[in-house]
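On the provided structure of chain H, position chains U and C as indicated by the hints.
So you can see what is in the structure, the chains are spelled out below.
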Amino acid sequence: MNENILQTRQLGKRYGKRWAVKNLNLEVHRGDVFGFLGPNGAGKSTTIRMILSLIKPTIGETELFGYSLKSNRSDALRRVGGIVEKPDFYLYLSAYKNLEIIGALSGGVRRKKILEVLDLVGLTSRAADRVKTYSHGMKQRLGIAQALLSDPELVILDEPTNGLDPQGMKEVRGLIVHLSREQKKTIILSSHLLNEIEIVANRMVIINDGELVVQGDVSKLLDEGEKYVVIQAQPQKKVEAVLQRLKNIIGKYAVKDRTFEVWMDFADIPELNKALVRAGVLVEALIPKRSLEDLFLSMTEHSNEVST
Amino acid sequence: MKILKVLLIVGLIMSDAFAQKVEKIQDADEILAKAVKSFEEVKDFSATIDAEINMDRVQIPKMHAELFFKKPDKIHFSSQSFLLVPREGVALNPSVLQQHYLTTSAMRDTIDGKNLYKLLLAAKDSKTRLRALSIWVDPINWTITKIETIPYEGRTLSMIFTYECQQEKYWLPSKLVASFASESDKAEKDSSPSIDNQFDGAQRLAPRSGMITIVYSKYKINIGLSDEIFEKKEK
Amino acid sequence: MIRLIYYELIKIFLKKRTYLGFGIVLVIVPLVEVAMKLEGGRFLTVAMRGLSKDFLFFGNIFNGWFVAHQIMNSLWLHIPLLISFVAGDQLAGEATAGTYRLILIRPVSRTRIFISKYITTLIYTVIFVFFLAALSIGLALALLGRGDLIILNRNILLLPESEVAWRFIIAYLLAALTMIAIASISFFFSSFVENAIGPIVATMGLLIVCTVITVMPVEMFEIPKKFLFTRYMDMWQKIFLDPIPWNEVKIGILYMSAWTLAAVLGAWGVFVEKDILS
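Protein sequences appear in the order of chains H, U and C.
According to my numbering, the residues represented by the first sequence are 1 to 308, in order.
According to my numbering, the residues represented by the second sequence are 1 to 235, in order.
According to my numbering, the residues represented by the third sequence are 1 to 278, in order.
Chain H extracted, bound-state conformation (with noise of 0.2 Å):
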């Protein structure tokens, strides 16, 4: 049976008679990357702030490792480690100092543990140096790092690849999978991007407008959601002719501007992909799309058309 370690019950923030969150139930079991999903203003900074106890809430409650963070709040969160929207440092200090301060925080953390998760995200050379001679990939990693530093079981990392560059987004998501598989961190990443939740969570929760959309398995999601193949080609008779011919594998096809939507399994892609090129047809692409982020764009615009 999966271990709650984190349980939000009916969970809500309001600013004067708008709520920014409301009725949030989430469930984060012991080793989940669990990915927090949801367009920006959706409320995942002001639910992820509420957890860490930066906002208190209107209603609800949080229990981490089944302390309440209201009457409990030290022991429910010295497990806990976090990065809550841009890393943010004491500039004039450098990459050590401001990991030994944060780490008096937490009761104390030894100069080798510092040096740890200094050498984890890559700043070893770097710790000496005041942290505002930093880039922001260099300050978001040691934002990873000052969230490890108690070795907490639960880290979470709010929106960690915001504003990195393409080799930073992959560095932070390799570091991501690397703590959830070889440290058996739990993790909550929270995101806009999803195509990242998708390369690393197991579960996920999406919110919109404050409230809850979806929760459960990533796999089980993307199960329910749609599997269609976009075919970028030429000639478009041949492509159609060739569609007609494979009934058996295809179920349905649509025509869009200048490309085809094909409803199929993707194990038949070889075999389709084969046929268009005996027609003599030229293949630009073929494109899987099975993609979180259709069903995180149909879930929300779903959303929206109900709210409105």
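It is worth saying that the hints were derived from the structure and are not from the lab.
Hints should not be assumed to be uniformly reliable.
[As the list claims (entries may be wrong)] Taking beta-carbon pairs under 7 Å as the criterion, some of the chain U residues facing chain C (in silico):
no. : residue
1   : Arg57
2   : Val58
3   : Ile60
4   : Ser81
5   : Phe82
6   : Leu84
7   : Val85
8   : Phe180
From the three backbone atoms N, C-alpha and C, an ideal C-beta is built for every residue, glycine too.
Quick look at chains U and C alone, frame taken from chain H:
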């Protein structure tokens, strides 16, 4: 009644004796010369002085110093702490008065039952600070027992000297009470001190009425004081 | 708690703005004292002109104690600005830098963080006041020597040197208390704004308004002005009166402590309940 008669007779005899004495010295210059003579044998002296000032808006604790005097008018004070003394009269040399002033008149006067000569002196030089002085001379030992002057407009200064005979032959002051009175004592009575008026307040501080009392003791007379002692000037 | 205070001290003393106040004092005090020495006490002579018409003065009254007292007088209205510059940054600075998000997600209570920050502010304030004291007195004595202290007021008061040192110590302790009250007020403003300039402006604004009410001879202000901290800001000056009006000093201490306590409790209330949105 008998007592009254006796007192009357004694009073008449005494006033007659005094009259006889006064009759002999009618001239003001002569009286001043007598005062000069009474101080003639003092060449220099040192003394301990203890001073106490009692003046409106001036709070200075009792002062203690060594006074050094050498004729004609050299004065030096040695003190561990701050000392404030009247500009005139602390070490009075009658010969300096004789040198700088002309006697204009002499008359008899009685103060506290004592019969004295009152002389009016006018400065010979217009640059002299005190333009006119009234001095009272005691005909018994020819010491100057009182001086009155107007040091500047609106201000009066009165100095009363008490003398004791030192080493059985030198009449030197044992006490000086210098009293200042001012006509402009009315303004600026109140308003407590605050941060910003501190310094201005002091600058506006006008001379106030009050007195300073100086008590002299431990005289050492004619000890041959060197001129070097007096080289440091007052601030 | 000691560890938290230690790291707060590191944060405060590795920050450049912390040294601005020290730097200003380090420039102004020697500048003024050297200038006063070069002037040779001319202004003291001007101040004493009334008395010097009748008296001669002997002894060194234009001495280090006098100059140190003048420095204390003249700088005292500007020191709150320098104090609030740092105290006002203590909480708001974290909000501005976004570092609240780093420190307030830790398993240490906000109250403990608040206390460590406030104690650090007190330490800074006291160090600053005593730095001013040590520099102004030490340098003045080295430059101009010792002697009795003359206090130029509506009155002229001379304090014998034997009494001067302990009067300065008490005066600076009271000055430190006053600055602690100012720092606490600044700390209070710092707790609910998210930029470091706000608390400085608010503190100075409050100081100016209260000072105006305190000095205005308006009847309707008579009762409220009794409760304003500005009325007691110069209580240290009473230590240089003779006799010292201890009752007035006690009342001053009471009101300054009350303002300090109110400001700290207010700041604590705001801080522990605050939503971190920065």
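Results of checking the hints against the structure:
Given hint, Arg57 (chain U) at the interface with chain C, holds; its Cβ is 4 Å from that chain's nearest Cβ, closer than 7 Å. The restraint placing Val58 (chain U) at the interface with chain C holds, with a minimum CB-CB distance near 5 Å, inside the 7 Å limit. The beta carbon of Ile60 (chain U) is positioned within 7 Å of a beta carbon in chain C (closest approach about 4 Å), and the interface hint is therefore held. For Ser81 (chain U), the suggested interface contact is upheld, since its CB lies about 5 Å from the closest CB of chain C, less than 7 Å.
Taken as an interface hint, Phe82 (chain U) checks out: its beta carbon lies about 4 Å from the nearest beta carbon of chain C, inside 7 Å. At its closest, the beta carbon of Leu84 (chain U) sits 5 Å from a beta carbon of chain C; the interface hint therefore holds under the 7 Å criterion. Checking Val85 (chain U) against chain C by beta carbon gives a least distance of about 5 Å; that is within 7 Å, so the hint holds. With a cut of 7 Å, the hint placing Phe180 (chain U) at the interface with chain C holds, because the nearest CB-to-CB distance is about 6 Å.
In this structure, every one of the numbered hints holds.
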